[in-house]
Amino acid sequence: MAEVKHNIKLPKESLEKTTQTINLGPTHPATHGVFQNILEIDGEKIIQATPTVGYIHRAFEKIAERKPLYQVTPLTDRLNYCSAPINNIGWHLTVEKFVGIDIPARAQYLRVIIMELARISDHLICNSILGVDSGAFTGFLYIFQYRELIYEIYEEICGSRLTTNIGRIGGFERDFSETAWTKINKFLDEYPRVLKEFEDLFNRNRIFIERTQGVGGISAERALAYGFTGPNLRAAGVDYDVRIQKPYCRYQEFDFKVPVGTTGDCYDRYLVRNEEMWQSISLIKQAIQKIGELKGEEATKYHADAPDFYLPLKKDVYTKMEALIYHFKIIMGEVDIPAGELYNAVEGANGELGYYFISDGGRSAYRLHFRRPCFIYYQAYPELVEGSMLSDAILTMSSLNLIAGELDA
Amino acid sequence: MLNSKFVLDKLIEKFGEVITGYEESFGLMAIHADKEFNLKILQFLYDEEDLAFRFLTDLTAIHYPDHKGEELVVTYLVYNMTQNFHIRLKFALDINESNIYTASQLHPTANWLERECYDFFGVNFVGHPNLIRVMNVDEMDYFPLRKEFPLEDQTRTDKDDEMFGRGGHFNFGNFSV
Chain A
589 MAEVKHNIKL PKESLEKTTQ TINLGPTHPA THGVFQNILE IDGEKIIQAT PTVGYIHRAF
649 EKIAERKPLY QVTPLTDRLN YCSAPINNIG WHLTVEKFVG IDIPARAQYL RVIIMELARI
709 SDHLICNSIL GVDSGAFTGF LYIFQYRELI YEIYEEICGS RLTTNIGRIG GFERDFSETA
769 WTKINKFLDE YPRVLKEFED LFNRNRIFIE RTQGVGGISA ERALAYGFTG PNLRAAGVDY
829 DVRIQKPYCR YQEFDFKVPV GTTGDCYDRY LVRNEEMWQS ISLIKQAIQK IGELKGEEAT
889 KYHADAPDFY LPLKKDVYTK MEALIYHFKI IMGEVDIPAG ELYNAVEGAN GELGYYFISD
949 GGRSAYRLHF RRPCFIYYQA YPELVEGSML SDAILTMSSL NLIAGELDA
Chain B
91 MLNSKFVLDK LIEKFGEVIT GYEESFGLMA IHADKEFNLK ILQFLYDEED LAFRFLTDLT
151 AIHYPDHKGE ELVVTYLVYN MTQNFHIRLK FALDINESNI YTASQLHPTA NWLERECYDF
211 FGVNFVGHPN LIRVMNVDEM DYFPLRKEFP LEDQTRTDKD DEMFGRGGHF NFGNFSV
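Each protein sequence line maps, in turn, to chains A and B. If you read the first sequence in this note's numbering, its first letter stands for residue 589, the second for the next number, and so on. If you read the second sequence in this note's numbering, its first letter stands for residue 91, the second for the next number, and so on.
Next comes chain A alone, as it looks inside the complex:
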């Protein structure tokens, strides 16, 4: 437990002449997750903030040292659980790059669709919760129905909703069904209108603007010094996006814009996230179009030919010797991986989600380190809120999109 000193740095104009310690968290409803802020307040003004994390640390890095690679995917689900598919696919991409598997075009575009849906669902929650914390519940209640549509798409593709374990090393376990496509198209038809209405509720809303503008701002220099990535860095005016800098899944073929803000405050972060949702919609449409243009074998192949990592079809397992052997080898984790190390990153919904994978030639990772964007930028929280009002601190917290699972790994 961090020690907090009383009566420190009291400003001259202090009314109370003394400070109080309050605990925001670990189970406070305003934190939206299990982490703690010990705040030292003078009246309603924050003098000092001490973030404490680790309440739901689950030792993923240690567990991953024992698991076969395909069993690490469900662990990554539980990092940023608001956009689990990005974590899953990021991990698959890391393994594929490490062992050198070529992924067919269709699988890559399908991944783009899933990852952008996940990005929408993540930003949608963050922005609508920002509304809730500033007193506007309507937007949240309205737009949350559309996260349900996204979860139904996941459900159709992989069978689960929150912790998805979507896809496999090498592609997808099955092709998207007709129902899945119907659901994706339904979402694409309905969501833009809703997002427009959501923006109409907030963008020029006087109360919302006054609550968020100039609150929790950070300059580009400080944001870079604190290792900000993703929407929070872009809101401060730096156009860093892993999808552009180190393209994966054929992002280089897509036409999309990277929105940037200027002041890095809550309002800019809100605007950047909203614009990213529009870009994601456009990316999904482009991906669908690109899938439609594929010809021949490319148009149907949804997984790579990687027998060491990609499970064979069930009917083959029952009828063919080789398929049975590979099935057994994969499930029992008896696939040898070459020695080496790799750092691979994807653009998660919160920023650069990196996987530092080291293998010593065994059957599981020798060491696996997750670069969790949340954990890194949460350090800046005291600097963002010190001197501001308590209610602004809560807005700042929700606009940073802190996810407890990602903080703690």
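Be careful, since some hints might not be right.
What the hints assert, rightly or not - 30 angstroms max Cα-Cα, derived DSBU-like pairs, lysine-lysine:
(1) LYS685/A with LYS180/B
(2) LYS650/A with LYS158/B
(3) LYS100/B with LYS655/A
(4) LYS237/B with LYS650/A
(5) LYS650/A with LYS95/B
(6) LYS685/A with LYS845/A
(7) LYS685/A with LYS650/A
(8) LYS130/B with LYS834/A
(9) LYS180/B with LYS655/A
(10) LYS125/B with LYS650/A
(11) LYS834/A with LYS95/B
(12) LYS95/B with LYS685/A
As the list claims (entries may be wrong) - Some chain B residues near chain A, calculated using beta-carbon distances under 10 angstroms:
(13) GLY111
(14) GLU113
(15) SER115
(16) ASP148
(17) THR150
(18) ILE152
(19) ASN174
(20) ARG178
(21) ALA182
(22) THR199
(23) ALA200
(24) LEU203
(25) ASP209
(26) PHE210
(27) PRO234
(28) LYS237
Worth flagging that the hints you see were computed from the coordinates, not collected in a lab. Note that the structure is a prediction, hence the values are computed from the model and not measured. Quick reminder that beta carbons are idealized off the backbone N, C-alpha and C, glycines included.
Once you have looked at the hints, place chain B on chain A.
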């Protein structure tokens, strides 16, 4: 444009013997150097105009129990954002004397990442403003990501684990099930 060779040459020119080796995998060069110079090297990479590695992407540690005298490796991944180029630095430490200078004054990002390294590997970052555990409880007296703490062997039989379906015997008192 930056490339690995240019960075390596610059570092060798400046630090000479301190740079003990390098390796390259998947287009990312990892430079090994003497741990005493970690901060000087990071500062040089930060300050030099044609290097300008000013973004610390990641910092972590690795434990190699078999490398005697160099059991712990602290590794920094620094990034030149304008030229889109990464470089990795590796510093080997003796596990019994795992001191290395903190980079948290140069890169505020390193603050919690170093605390994480301390928490899980016991690396002592000299000069760190607040080197306490970040994930685990403060009372913990070991460093759990070191290799001497293996995860449980899933085939072990000596454990009284009947409630979890692995045989053994559980005493229900007077009850029988």
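Consistency of the hints with the structure:
For the hint linking LYS685/A to LYS180/B, the alpha-carbon distance of about 22 angstroms falls within 30 angstroms, and the restraint holds. The suggested pairing of LYS650/A with LYS158/B holds, with an alpha-carbon distance near 22 angstroms, which does not exceed 30 angstroms. Only pairs whose Cα atoms come within 30 angstroms are accepted, and LYS100/B paired with LYS655/A is rejected, the gap being roughly 41 angstroms. For the proposed pair LYS237/B and LYS650/A, the alpha carbon gap of about 9 angstroms is at most 30 angstroms, so the pair holds.
For a cut-off of 30 angstroms, the pair hint linking LYS650/A to LYS95/B is broken: about 35 angstroms separates their Cα positions. Proximity of LYS685/A to LYS845/A is assessed by CA-CA distance (about 26 angstroms); at most 30 angstroms being required, the pair is judged to hold. The suggested pairing of LYS685/A with LYS650/A holds, with an alpha-carbon distance near 22 angstroms, which does not exceed 30 angstroms. For the hint pairing LYS130/B with LYS834/A, the CA-to-CA distance comes to about 29 angstroms; that is within 30 angstroms, so the pair holds.
In summary, the hint linking LYS180/B to LYS655/A is supported, as the alpha carbons are separated by about 26 angstroms, within the 30 angstroms threshold. For a cut-off of 30 angstroms, the pair hint linking LYS125/B to LYS650/A stands: about 25 angstroms separates their Cα positions. Under the criterion of a C-alpha separation no larger than 30 angstroms, the hint pairing LYS834/A with LYS95/B is consistent with the structure, at around 20 angstroms. A threshold of 30 angstroms between alpha carbons decides the hint, and for LYS95/B with LYS685/A the separation of about 23 angstroms falls inside it, so the pair holds.
At about 15 angstroms, the closest approach between the beta carbon of GLY111/B and any beta carbon in chain A exceeds 10 angstroms, and the interface hint on this residue is violated. The criterion of a C-beta within 10 angstroms of any C-beta in chain A is met by GLU113/B, whose closest approach is roughly 9 angstroms, and the hint holds. A cut of 10 angstroms between beta carbons decides the hint on SER115/B: the least distance to chain A is about 5 angstroms, and the hint holds. Taking 10 angstroms as the C-beta contact cut-off toward chain A, the hint placing ASP148/B at the interface holds, the least distance being around 5 angstroms.
Hint status for THR150/B: holds, given a least beta-carbon distance of 4 angstroms to chain A, under 10 angstroms. Hint on ILE152/B holds. Least Cβ distance to chain A is approximately 5 angstroms, under the 10 angstroms limit. Proximity of ASN174/B to chain A holds as hinted, the smallest CB-CB distance being about 5 angstroms (cut-off 10 angstroms). Because the beta carbon of ARG178/B sits about 7 angstroms from the nearest beta carbon in chain A, less than 10 angstroms, this interface hint is met.
Nearest Cβ of chain A to the Cβ of ALA182/B: about 15 angstroms, over the 10 angstroms cut. The hint is violated. Annotation: interface hint on THR199/B holds; nearest CB of chain A at approximately 3 angstroms, less than 10 angstroms. A hinted interface residue such as ALA200/B counts as satisfied when its beta carbon comes closer than 10 angstroms to some beta carbon of chain A; here the least separation is about 9 angstroms, so the hint holds. Interface hint at LEU203/B: satisfied, since its Cβ lies 7 angstroms from the closest Cβ of chain A, which is below the 10 angstroms cut-off.
A hinted interface residue such as ASP209/B counts as satisfied when its beta carbon comes closer than 10 angstroms to some beta carbon of chain A; here the least separation is about 8 angstroms, so the hint holds. For PHE210/B, the shortest C-beta to C-beta distance to chain A is roughly 8 angstroms, which falls under 10 angstroms, so the interface hint holds. Taken as an interface hint, PRO234/B checks out: its beta carbon lies about 6 angstroms from the nearest beta carbon of chain A, inside 10 angstroms. Restraint check, LYS237/B versus chain A: the minimum CB separation of about 8 angstroms is within 10 angstroms; hint holds.
The structure is inconsistent with the numbered hints 3, 5, 13 and 21, although it conforms to all the rest.
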